[in-house]
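Just so you know, the sequences run in chain order A and D. Just remember that this note's numbering sits 3 ahead of the position in the first sequence, which is counted from 1. Just remember that this note's numbering sits 268 ahead of the position in the second sequence, which is counted from 1.
Any given hint could be a false lead.
To be verified - Which residues of chain A face chain D? A few of them, derived with a C-beta cut under 10 Å, are:
| id | residue |
| --- | --- |
| 1 | L49 |
| 2 | F92 |
| 3 | A94 |
| 4 | R96 |
| 5 | V106 |
| 6 | I115 |
| 7 | P117 |
Just so you know, the hints here were simulated from the structure itself, not pulled from any lab data. Note that beta-carbon positions come from the ideal geometry of N, C-alpha and C, so glycine has one too.
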Amino acid sequence: GENVEQHPSTLSVQEGDSAVIKCTYSDSASNYFPWYKQELGKGPQLIIDIRSNVGEKKDQRIAVTLNKTAKHFSLHITETQPEDSAVYFCAARDGGQGAQKLVFGQGTRLTINP
Amino acid sequence: DVKVTQSSRYLVKRTGEKVFLECVQDMDHENMFWYRQDPGLGLRLIYFSYDVKMKEKGDIPEGYSVSREKKERFSLILESASTNQTSMYLCASGSPPNTEAFFGQGTRLTVV
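Using the sequences and the hints, build the whole thing.
If you want it as structure tokens, here you go:
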């Protein structure tokens, strides 16, 4: 089955700087790669996703890139703000039958320092 | 707005107790999931369901069972709670062809 590795486990950046979180996956059949943000005391919430037929996707200050050949994808946050502090999870959709069976990475705790 | 509601935010149970975690979604989603969240391990899938009365094992089903008698409700059952089941439990729902999974706020379970 699918295996997703996420790095780093913790990341601390100065407000206004950029943050990058990286993930690798094992199953070449996986075709959907979402990123979730989990704020303190809340459940994860989808912030951006990318499908395997696209190399890059951007939404305001966040962007995701996908390299299918290398089987890795990354989350980029520019001009970081204090409200970006949270735990971020990458995921890959299992390439087998059925909908939405997501395999998650280990999570990255991002801290934005004022 | 999609709402996934878990019945408890915090639970403390004793070893050997039978524990029920309830999850209700209000968007008529076909798919529902139970994940377990532990530091450094991310979210791991325990069980999922594609339809009423249907269930499939995820990656870590041992010690758990589930019930889906109605479309909107998905219950996770710990038959005999053990201390290694102390964790954060997250319920999610979604509906094809939309691939987004919507999560509840989580239940932090402590088994003593």
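Structure-based check of each hint:
Given the 10 Å rule on beta carbons, the hint for L49(A) holds: about 5 Å separates it from the nearest Cβ of chain D. Hint on F92(A) holds. Least Cβ distance to chain D is approximately 6 Å, under the 10 Å limit. Below 10 Å, beta-carbon pairs count as interface contacts, and A94(A) has one with chain D at about 8 Å; its hint therefore holds. Proximity of R96(A) to chain D holds as hinted, the smallest CB-CB distance being about 6 Å (cut-off 10 Å).
Checking V106(A) against chain D by beta carbon gives a least distance of about 7 Å; that is within 10 Å, so the hint holds. The interface hint given for I115(A) is violated, since its Cβ lies 20 Å from the closest Cβ of chain D, which is over the 10 Å cut-off. Residue-level restraint check for P117(A) is violated (minimum Cβ-Cβ distance to chain D is 25 Å; threshold 10 Å).
Of the numbered hints stated above, those contradicted by the structure are hints 6, 7, listed in ascending order.
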